[in-house]
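Whole structure, please, built from the sequences with the hints as guidance.
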Amino acid sequence: MSKNARRLGLACTLTLACTGLIDGDSDDTPLGSIPDKELPPDRQSSEVCKAIDPGPTYVRRLTRYEYNNVIAALTGDKSSPAKEFPTETLVEGWDNNGQGQTVSPVLLEQYLEVAEREAQTLVDTNLAGVLGGCDPATKGEPACLTAFYDTFGRKAFRRPLGTDEVALLRGVFDTGKATGGASGFKNGIRLLITEMLLAPPFLYRIEFGAPAKSGQNVVRLDHYEMASRLSFLIWSSMPDEALFQAARDGKLGTTAEVTAQATRMIGDARARSSTRHFYQQWLVLDRLDGLKKDALFRTWTPTIASAMRAETLRFTDEVTWNDSSGDIGALLTASYSFMTRTLATFYGGVTAPLDDATFARVELNAAQRGGVLTQGALMAGLAHENQTSPVLRGKFVREQLLCTHPPDPPDDVQIVLPALDPSKTTRQRFDVHTNLPCARACHTLMDPIGLGFENFDAVGKYRSSEGGQRVNAAGEIVGVQSLADGTFNGPIDLGRKLASADEVRTCVGMKWFQYSLGRTQDTSSDACSLDVVRRRFSSGNYKLKDLLMATTQTDAFLFRRVISPGGAQ
Amino acid sequence: MKTMDRRTVLRGVAGVSIALPWLEAMGVRPARAASPFPKRFIAFFTPNGNMRETFTPSGTDPSGSRILMPLAPYKDYVTVIDGLDNAAAQYKSGDIHIGDAHMRGMGTMLTCSELLPGPSKGGCEASCSGAGLAGGPSLDQWIVQKLELRAKTKFPSLELGVQLRRGGADVFGYTSFSAANTPLPPDDSPSRVFTRIFGSFTGGGVDPSAFERLRSERKSILDTAVRHYQSMSVKLGASDRQKMDAHLQGVRDLELRVNTPAAANSSKSCIKPAAPMASTDYRTVAKQQLDLLTMAIACDLTRVASFMWERAVGDTVFGWLGTTRGHHDLSHDPDSSVATVEVLNKINTWFAEQLAYLMGNLKAIPEGTGNILDNTAILWCNELSRGNNHSSFGMQYVLAGKAGGALKTNRVLKFDSKARVSHGNMLVSIMNAMDVPGTTFGNAGRFANGPLAGLS
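Respectively, the protein sequence lines represent chains A and B.
The numbers in our numbering rise by one with no breaks, and the one at position 494 of the first sequence is 498.
The numbers in our numbering rise by one with no breaks, and the one at position 233 of the second sequence is 572.
For the record, the hints were derived by calculation from the structure and aren't laboratory data.
Since we're looking at a predicted model, the values are computed, not measured.
Virtual Cβ for every residue (Gly too), placed ideally from N, Cα, C.
Some hints could be false.
[Unchecked claim] Below, in silico cross-link-like pairs of lysine to aspartate or glutamate (DMTMM-like), each with a Cα-Cα straight-line distance of 25 Å or less: (1) Lys-611(B) with Glu-88(A); (2) Lys-181(A) with Glu-145(A); (3) Lys-181(A) with Glu-594(B); (4) Lys-611(B) with Glu-117(A); (5) Lys-181(A) with Asp-562(B).
[Claimed, not checked] Chain A is nowhere near these chain B residues, computed Cβ spacing over 12 Å in every case: (6) Pro-377; (7) Asp-400; (8) Glu-692; (9) Gly-699; (10) Lys-702; (11) Ala-745; (12) Lys-753; (13) Gly-784; (14) Asn-788.
In structure tokens, the structure reads:
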């Protein structure tokens, strides 16, 4: 029996109206012969795209971020219980890489603890809610158990339960009913909720795809699976009622239907949570957690560090969602930011009236600051405790904006920061890198970029002089083919150059691809998907929020390979 | 199940007597007159390289160096090992290393297996290829598996640390691996560790029937979860299947933990400690964690642990030792920086004091006619021999405790680093001392070929 048929069977036992509950059968076309007009326009115009290839799909466990969002949506508990879970293993800086996820005893204990707590709270405070309003006293326990599966169960598993699952769960309910004494039914429901919060369909995003016809090796997703793909992509959370309804109606099968839902969802404020989590990781804002600075910087405090982090997230929110151009250029050059009074006082030179309750928009002195690269979060984060780091700053530009990895120092090199010398500028002290031939080969990739940031000290304050000498913010970015001239003066000028570089545009698209699909790109099987992202990004003049929609138009998002049990992914 | 009327009074390390309904609620069986006593293993990790000149004693007294002087009261229990080669960290795939020196040092330190290839480049595309995590189980976990400790203690092992969390997790951040690519994240929060080990997790209420009920409910939930993961696993591709299978094995182990009595051999020093006070002070957290580990061992809730003082490349600022710079930052200074070398000496001496504190804790717990330190092996290890050249040649280690008499102690073992004796051989010796037979450890015996001469 096919999965969909099983679900239909179950749905019919659970609800009176069975019409419209069949999943996925609207798409009968073998993938090889999907008419072009049903494929995304960006795909049709790409020369790279030939046969549909979604690349590998991996089961993905909810990250701590997603878990918190899902628990909030499912139970109303907004306390972020996953904050106690162990940190994810990061793969290339991302916390959501499906291949990098492993379980540990501590994590499983935490899952159990949270599941037990949430279940207890739900049955104590909202039993009627999880039963979909069914009252066991009047409707009878069997009817309300069915209603529970169709209400809480469907939300927790993000799809209707399979008949095999209902059978599996029966024992848990019976145990709870037996041990619960006079409140046996309620206790049975409590145990069911506990189990469901530990079960694979809750903790993992498992996609089997629509049933494959003979000879097919690629399929569209099941409608419920597509609902989850959309909700986790755009909201970092579970589907809402409208998505569930669309899945129930079998309205998430075609590209047009997926696009329509994505458009609706991107217009919803929840879309910000996904991009915010992207920026947090892409810009490596975790550097700010507990960031310490030398006593030399007397005004540096943990409050400043967290305010800088918040400033950048508020700024990226604004650039992505409200800025009139909203593009890479705005990200790298916009002449405004968001500050509290404390942060503005720390930076100095801000005259606008501010308080500490909110991060208010501040127009910047465009001769000094502009764009995310000049914000404290990056400038203080990419510095040593007692001095700036042209190397770290240059390395960040290479790795996060150009997607290249400068080589690490060889094992036998003693890395020695040039000693602090009050009579010399950082540029003069780092000159050693250009005078030693062995160091120059690597450091020409980083230092000349980083030295262009010398107007910002190790805590992110603007400075016009260092060591009694005027700061020279001339920099150079070498080896970027699309830039005819790599020289620049200061980070705003650098931002302007980077914003127009093809390499940066491609890199941002690739970073987004990794984050939004939770895996590392495969240069051959993902060539079409990456090209679609690039095209969509380009045709909207590199508006950052277009990246959300771009992902939904890729083979990697719309399809999956047919599973060969026990075989290659 | 005993009734709660019988209240047991136990005397703690600190000499504090308290009434203890708690142990019974956890299902403690009366201590059996077991002999020999169980052996314990603790990996004690500090990062960023050693200071060989001030670490390795010049004579035969294992506490006869500036850094190791704090171990003097316990030198009967100490062996210093100097001059080993971490061959697994030097492994090359083709012509290049996998991962950078800290990553390699860390991922091989206790696994003796080269790093797996993987996507994490650590910023070293030209000089090395991308690395995944460790290529095999770490010694601590190998001991857990071979001694079947899952069935013997409530926690097969504990992974603890001090202020580690910043920056996410990667191969820099783990000492322990249950298998290739399967890290066990260290927990750096005393309150969470306390709750996990001594809190209500085991159903430590006061009503035995309530505990029984909880146990049967959890059994039903977890059995069902295992079946649920099985049913998913069989439908999936190979890599996803591995993931589901690992999860279901984890749930099975969790079920075992939930249903395992708290302790079979808990000593009379076993008392439920007070909940630790929240603190952001490194030294306070460190002491809380060491005390929790001590009590977990005293109560025989675990016999194996790893303790991480920082992640590899950890940049803790040891401000009370007179520095404002981070440890990793300092470790890169050249040997000619006299002031920095002095601070690094102080940092490593401070770590030795912490090892001495832990040894003192364990020595204070009587076991038979001796004490728990008699039946313990603690390995103080580092991912590098030197921070400023990232070397994995000429490594130094301290082995503390007698492992039930299996280790020869009160000695300094020096190896000529030119002889390239593998640190894997030391791991083999420790493994044997823990009653796990074998002549090799780690990846296919590539980096270990027998026990280390002079150790046992």
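Verification of the hints:
no.	hint	verdict
1	Lys-611(B) with Glu-88(A)	23 Å, holds
2	Lys-181(A) with Glu-145(A)	11 Å, holds
3	Lys-181(A) with Glu-594(B)	21 Å, holds
4	Lys-611(B) with Glu-117(A)	20 Å, holds
5	Lys-181(A) with Asp-562(B)	17 Å, holds
6	Pro-377	20 Å, holds
7	Asp-400	31 Å, holds
8	Glu-692	23 Å, holds
9	Gly-699	28 Å, holds
10	Lys-702	29 Å, holds
11	Ala-745	28 Å, holds
12	Lys-753	24 Å, holds
13	Gly-784	25 Å, holds
14	Asn-788	25 Å, holds
In the structure shown, no violation is registered for any of the earlier numbered hints.
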